[in-house]
Amino acid sequence: MVIKDIIDILQGEVICEGDLNQEIKTACGSDMMSDVLAFVKDQSVLLTGLVNPQVVRTAEMMDMACIVFVRGKEPDQSIINLAESRDITLIKTRFRMFTACGLLYSNGLSGGCEL
Amino acid sequence: MSSIHLRYEVPGDDFTRAGEASGAVKKRLKALGYNSDAIRRVAIAMYEAEINMVIHADGGYCDVDIFPDRVEILLADKGPGIPDVEKAMQAGFSTAPDNVRNLGFGAGMGLPNIKKYTDEMRIETEIGVGTNLYLTVKVNN
Numbered sequence: 051m052v053i054k055d056i057i058d059i060l061q062g063e064v065i066c067e068g069d070l071n072q073e074i075k076t077a078c079g080s081d082m083m084s085d086v087l088a089f090v091k092d093q094s095v096l097l098t099g100l101v102n103p104q105v106v107r108t109a110e111m112m113d114m115a116c117i118v119f120v121r122g123k124e125p126d127q128s129i130i131n132l133a134e135s136r137d138i139t140l141i142k143t144r145f146r147m148f149t150a151c152g153l154l155y156s157n158g159l160s161g162g163c164e165l
Numbered sequence: 003m004s005s006i007h008l009r010y011e012v013p014g015d016d017f018t019r020a021g022e023a024s025g026a027v028k029k030r031l032k033a034l035g036y037n038s039d040a041i042r043r044v045a046i047a048m049y050e051a052e053i054n055m056v057i058h059a060d061g062g063y064c065d066v067d068i069f070p071d072r073v074e075i076l077l078a079d080k081g082p083g084i085p086d087v088e089k090a091m092q093a094g095f096s097t098a099p100d101n102v103r104n105l106g107f108g109a110g111m112g113l114p115n116i117k118k119y120t121d122e123m124r125i126e127t128e129i130g131v132g133t134n135l136y137l138t139v140k141v142n143n
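First to last, the sequence lines map onto chains A and B. For the first sequence, our numbering begins at 51 and goes up steadily by one. For the second sequence, our numbering begins at 3 and goes up steadily by one.
One or more of the hints may lead you astray.
The calculated lysine to aspartate or glutamate pairs, modelled on DMTMM-like cross-linking and capped at a C-alpha distance of 20 Å, are [as the list claims (entries may be wrong)]: (1) K89/B to D85/A; (2) K29/B to D55/A; (3) K32/B to D85/A; (4) K91/A to D121/B; (5) K118/B to D85/A; (6) K54/A to E67/A; (7) K75/A to D39/B; (8) K75/A to D126/A; (9) K32/B to D55/A; (10) K54/A to D69/A; (11) K118/B to D92/A; (12) K75/A to D55/A; (13) K29/B to D81/A; (14) K32/B to D92/A; (15) K91/A to D71/B; (16) K29/B to D85/A; (17) K140/B to D137/A; (18) K140/B to E74/B; (19) K29/B to D15/B; (20) K117/B to D85/A; (21) K140/B to D60/B; (22) K118/B to D113/A; (23) K80/B to D65/B.
Calculated from the model, a selection of chain B residues having no Cβ within reach of chain A, i.e. all distances over 12 Å [as the list claims (entries may be wrong)]: (24) S5; (25) E22; (26) Y63; (27) V87; (28) P99; (29) G110; (30) M111; (31) D121; (32) Y136.
Short derived list, chain A residues pointing at chain B, Cβ under 10 Å [stated by the list, open to error]: (33) S80; (34) D81; (35) M82; (36) V86; (37) L100; (38) Q104; (39) V106; (40) R107.
Hints were generated in silico from the structure; no laboratory data involved. Glycine included, C-beta positions come from ideal geometry on N, C-alpha and C.
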């Protein structure tokens with residue numbers, strides 16, 4: 051799957067465009083950035099309902115290529131600027147967290163962890 | 003053995019800027035050609051520590067020394083100190099206020115995460131004086 055597919059599956063809107071052809075194998079959904087930093091392993095998409103610059107920083111530290119804001123959350127300009135400077139794609143979707151994760155999972159994305 | 007020394011100030015009053023130093027170090031290590039696993043471990047450990055400094059200690063500074071085989075980081079603050087280090091090291095233990103939790107942190111995973119991602123970790127802390135956190139990440143290029 052590439053980022054473009056994620057946009058289609060989640061009927062998403064691109065807010066900040068990075069490399070949309072980047073291959074994505076795993077994803078992670080969380081509103082708690084500490085947990086993302088603790089448990090994520092080689093996951094390249096972060097789904098979250100949290101909207102602040104630390105979401106982008108967390109993705110940056112974890113080498114994630116894409117952030118999906120669920121429940122129609124809108125990042126402000128400072129968040130968009132930060133993502134832009136780090137080549138991270140930002141997408142928003144109207145789906146809620148559970149549904150967005152379920153849609154991606156049923157289309158072949160995994161959590162990237164055994165548990 | 004040659005090394006590169008870097009210093010960053012961590013502003014205490016602006017949570018949105020926490021992570022700037024970690025991001026800069028990550029970029030520098032990438033440019034120097036260090037392996038991505040080591041870079042990520044440095045970035046995450048340092049980022050968690052930066053967040054801690056902003057949440058608990060009104061900022062401070064980081065000293066980063068980059069050696070061919072390891073990265074050494076000192077994060078120093080003049081905050082309130084950690085009363086019970088053993089307790090602070092427990093996963094899930096947190097004294098962070100609610101407004102920090104609303105920002106996605108304060109789950110009590112900061113220090114445990116830092117320990118998990120580093121090869122060496124040492125805390126010097128004194129109540130009312132501050133905390134020095136020494137970290138070493140070994141690099142196998």
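A quick look at each hint next to the structure:
no.: 1; hint: K89/B to D85/A; verdict: holds, 19 Å
no.: 2; hint: K29/B to D55/A; verdict: violated, 29 Å
no.: 3; hint: K32/B to D85/A; verdict: violated, 25 Å
no.: 4; hint: K91/A to D121/B; verdict: holds, 18 Å
no.: 5; hint: K118/B to D85/A; verdict: holds, 13 Å
no.: 6; hint: K54/A to E67/A; verdict: holds, 10 Å
no.: 7; hint: K75/A to D39/B; verdict: holds, 18 Å
no.: 8; hint: K75/A to D126/A; verdict: violated, 28 Å
no.: 9; hint: K32/B to D55/A; verdict: violated, 29 Å
no.: 10; hint: K54/A to D69/A; verdict: holds, 9 Å
no.: 11; hint: K118/B to D92/A; verdict: holds, 16 Å
no.: 12; hint: K75/A to D55/A; verdict: holds, 12 Å
no.: 13; hint: K29/B to D81/A; verdict: violated, 26 Å
no.: 14; hint: K32/B to D92/A; verdict: holds, 17 Å
no.: 15; hint: K91/A to D71/B; verdict: violated, 23 Å
no.: 16; hint: K29/B to D85/A; verdict: violated, 23 Å
no.: 17; hint: K140/B to D137/A; verdict: violated, 28 Å
no.: 18; hint: K140/B to E74/B; verdict: holds, 9 Å
no.: 19; hint: K29/B to D15/B; verdict: violated, 24 Å
no.: 20; hint: K117/B to D85/A; verdict: holds, 15 Å
no.: 21; hint: K140/B to D60/B; verdict: violated, 29 Å
no.: 22; hint: K118/B to D113/A; verdict: holds, 18 Å
no.: 23; hint: K80/B to D65/B; verdict: holds, 15 Å
no.: 24; hint: S5; verdict: holds, 23 Å
no.: 25; hint: E22; verdict: violated, 8 Å
no.: 26; hint: Y63; verdict: holds, 19 Å
no.: 27; hint: V87; verdict: holds, 19 Å
no.: 28; hint: P99; verdict: holds, 15 Å
no.: 29; hint: G110; verdict: violated, 8 Å
no.: 30; hint: M111; verdict: violated, 4 Å
no.: 31; hint: D121; verdict: holds, 18 Å
no.: 32; hint: Y136; verdict: holds, 20 Å
no.: 33; hint: S80; verdict: holds, 8 Å
no.: 34; hint: D81; verdict: holds, 6 Å
no.: 35; hint: M82; verdict: holds, 5 Å
no.: 36; hint: V86; verdict: holds, 8 Å
no.: 37; hint: L100; verdict: holds, 5 Å
no.: 38; hint: Q104; verdict: holds, 6 Å
no.: 39; hint: V106; verdict: holds, 9 Å
no.: 40; hint: R107; verdict: holds, 4 Å
Hint compliance for this structure: hints 2, 3, 8, 9, 13, 15, 16, 17, 19, 21, 25, 29 and 30 are broken, all remaining hints hold.
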